Amino acid sequence: MIAKFTVAERQWSLVLLVLTALAGLAMAALGAGDAMGVHGFIVLIVSLGLIFVVGGGLFAPEPTEDRRRAYYDDPIKLGLVLAMVWAVIGMGVGDWVAWMLAYPEARFDAAWSSFGRVRPVHTTGVIFGFGGNALIATSMHVMQRTSRARMAGQVSPWFVIIGYNLFVVMAVSGYLMGVTQSKEYAEAEWYADIWLVIVWVTYFVLYIRTLARRNEPHIYVANWYYLAFILVVAVLHIINNLAMPASLTAAKSYSLFSGVQDAMTQWWYGHNAVAFFLTAGFLGMLYYYLPKRANRPIYSYRLSILSFWGITFFYIWVGSHHLHYTALPHWVQTLGMTFSVMLLVPSWASAGNALMTLNGAWHKVRDDATLRFMFVAAVFYGLSTFEGSFLAIRPVNSLSHYTDWTVAHVHAGAMGWVALITFGAIYAAVPMIWRRETMYSWKLVEWHFWLALAGTMIYVFAMWNSGIVQGLMWRTYNEAGTLQYSFVDTLVAMHPYYIARAIGGLLFLTGAVVGSYNIWMTIREVGHEAKARDVPTDSEAGEPAVPVAE
Amino acid sequence: MSVKKRDPLTGHQTTGHEWNGITELNTRVPRVIWWFILVTHLYALIAWVLLPAWPGITGYTKGILGIDQQERVERQVADLRAARAPWRDRIAAATVENIRADPDLSAKVAETGPALFGDNCAACHGAQGQGGPGYPSLVDDAWLWGGDAEAVLETLRVGINADHPDTRFAQMLSFDGILSRDEIRTVAAYVQSLSGMETGADPDRLAEGQVLFMDNCASCHGDAATGNTDLGAPNLTDDHWIYGGDDAAIFTTILRGREGWMPAWEGRLDLADRKILAAYIQDLKGQAQ
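Protein sequence lines correspond, in order, to chains A and B.
In terms of the UniProt record's numbering, the first sequence opens at residue 1 and continues consecutively.
In terms of the UniProt record's numbering, the second sequence opens at residue 1 and continues consecutively.
One or more hints might be untrue.
Below, in silico cross-link-like pairs of lysine to any residue (SDA-like), each with a Cα-Cα straight-line distance of 25 Å or less [claimed, not checked]:
(1) A:K4 <-> A:R213
(2) A:K364 <-> B:G11
(3) A:K364 <-> B:Q13
(4) B:K62 <-> A:L323
(5) A:K4 <-> A:L16
(6) B:K285 <-> A:K443
(7) B:K62 <-> A:R213
(8) B:K62 <-> A:Y325
(9) B:K285 <-> B:I242
(10) A:K443 <-> A:A361
Derived by calculation from the structure, the hints in this document are not laboratory data.
Since we're looking at a predicted model, the values are computed, not measured.
Let the hints inform the model, and build the full structure from the sequences given.
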């Protein structure tokens with residue numbers, strides 16, 4: 001890693017690391033006795049470790065060749081490995097909280113292990129740890145290949161990946177210590193949020209600069225989506241986290257918004273995190289790895305345009321469908337509902353475009369589990385966007401809201417769409433990036449596929465049943481005109497579904513563990529003929545060459 | 001088959017661009033998509049005309065149906081209340097005995113009681129009112145404040161050690177510092193002997209315990225230790241225990257004292273609901289026996 005830096009870059013990295021180490025030291029000293037102090041220590045230790053890494057290579061000979069002639073894949077490797085590490089942590093914790101819901105005593109009798117603290121560890125671990133690392137790593141892969149240009153920066157890709165993971169570590173460790181802003185999917189406190197802004201802006205600049213260097217006349221669709229993801233997530237993150245720290249030496253702040261404005265801002269953020277983090281970013285992934293793997297042209301460029309602008313325009317409006325029948329004014333709910341319904345068209349257009357692209361490659365879908373991951377992901381994307389628009393209709397929502405139906409919907413999207421497309425993309429990317437012929441074992445990819453699919457189906461069906469039962473029980477009146485069931489009655493009715501859900505989650509987690517092993521063995525498998533996937537290279541760093549124009 | 005041929009299905013042209021081997025067809029947007037757009041947009045338009053929808057400077061469009069969620073929910077609640085009023089008024093006016101004697105009203109108790117009890121009481125008193133450590137059973141014959149309907153209704157209204165101005169006070173004081181540990185053990189053995197438990201203590205010790213009891217405890221629990229429903233002091237001669245009848249539990253009760261907390265329900269449940277609960281507890285008791 002360091003050998004490929006120029007001396008100036010090494011010095012610059014050292015300066016940066018000394019600065020973060022000092023920031024960590026300051027946090028540790030000022031925030032002593034508070035969670036902030038612990039986070040200061042984490043920052044300090046990570047910075048010191050990296051100072052040793054960079055310092056150790058400080059006097060190695062400089063690279064002599066023109067680095068622009070080769071792609072830059074090393075940071076991507078780190079990102080992909082971290083994605084799988086977070087997958088196992090995030091899904092592991094998720095399954096644990098699933099068991100905890102069925103058997104509340106299934107925890108250590110300590111504050112850190114209470115449901116309220118562990119649940120966000122799951123959500124942040126899978127969304128930001130697993131999903132975020134996969135998005136960043138694949139975006140770096142896709143932006144270089146589809147621009148036919150090396151990433152614009154030698155240090156900044158490392159900064160983005162390591163800095164981003166530092167954010168996730170601060171967030172997750174904070175929850176266990178009781179730190180939270182009480183905003184779903186935005187629980188991390190103010191200093192972690194500020195740090196993420198710095199990381200994210202660097203990421204945005206890196207992406208734009210790489211696109212600006214491109215050697216292709218046009219920008220490929222995947223890049224539109226990745227760019228929308230980066231840009232809008234920056235806006236969402238900054239606005240929803242506007243807050244006043246209660247003290248500069250402690251992890252506690254007060255939101256700038258209050259009451260129903262706070263709720264609306266939060267769900268404008270929350271639903272657009274679904275839109276631009278969990279949809280746009282992963283559509284970018286789909287648009288590169290699916291046609292690449294299927295070796296088919298995208299079905300329709302015009303459909304791509306229609307769905308891209310449809311998705312970006314309509315999604316921004318629909319957050320209020322999370323607040324039906326609340327203090328939110330009725331007219332805002334109507335707008336959220338109607339825009340959600342109109343949103344269905346571009347969503348299905350995207351899913352349809354992906355599925356039609358597979359025409360002519362269905363035999364590959366049958367034989368190749370990697371492509372099948374992506375195919376099933378597109379199907380789940382279509383199903384869960386339909387369900388989403390349906391649940392946004394107020395009378396439907398009056399049955400589904402606050403029930404496990406919502407949980408089923410989220411997980412059809414999160415497991416069926418987001419995680420499956422990510423696994424497909426990772427299985428496609430790992431051999432390309434480590435330049436192996438194939439994955440270590442295609443059988444294990446099959447195993448992973450079936451475990452993941454079975455896990456998702458069990459999970460989603462269990463929660464559909466549980467949610468609808470729960471919703472119906474809540475609204476059942478007896479002849480006397482009073483409610484038929486008590487809350488405890490609904491818990492008793494849901495218990496078997498909760499066990500089924502935890503079993504589904506266990507299967508899904510097992511799949512992720514199998515996948516991690518397979519990826520690890522693929523990476524370790526040395527001695528094989530190294531194969532340059534893009535174009536044969538004479539780069540001394542062994543990086544794949546950027547192909548010249550025809 | 002034709003898998004090796006490039007794009008055998010559509011024969012469509014590509015856009016002419018290529019990125020790392022990926023090309024795109026210039027296929028027209030399928031007509032079904034336009035239909036689909038038409039339908040969903042029509043739905044939205046109709047909804048905007050009918051319902052409150054778009055904001056302006058001074059207000060928002062109200063929609064021609066004139067629906068307002070707040071007004072609607074208030075009306076629904078009022079309707080439901082009106083539909084229940086006939087039998088609820090009768091329950092509020094009747095005594096618990098009369099409610100239980102009236103087949104019509106006791107059917108309402110059977111219908112309404114379980115959810116009312118399940119949502120408000122079961123968390124502490126157990127799903128069947130059987131109680132648990134720290135929370136008394138409501139289906140046995142041992143009562144702190146009396147088991148007749150009037151007493152139970154009063155307990156529900158004001159609570160025990162609650163924040164109601166008329167609340168019932170029940171305090172088992174801590175004897176830490178008043179009695180020595182050994183004296184506490186002695187009187188505890190005496191208490192256990194009252195309900196016929198085998199304590200292993202010799203008669204001298206029990207006699208000593210009785211003296212201690214008369215001096216320190218009888219004022220509340222009564223000379224015969226059968227309790228006092230004016231003070232909420234439990235009968236110690238039966239084998240019903242709130243906090244446990246073993247050595248350690250009784251020792252802790254006397255050493256540290258006890259002060260159970262039962263919420264006051266006036267203000268949260270109306271008179272009819274409280275009467276339904278008082279009657280329902282009797283039903284539960286009948287089922288338990």
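Legend entry - Numbered hints the structure breaks, given as an ascending list: Those not satisfied are hints 6, 7.
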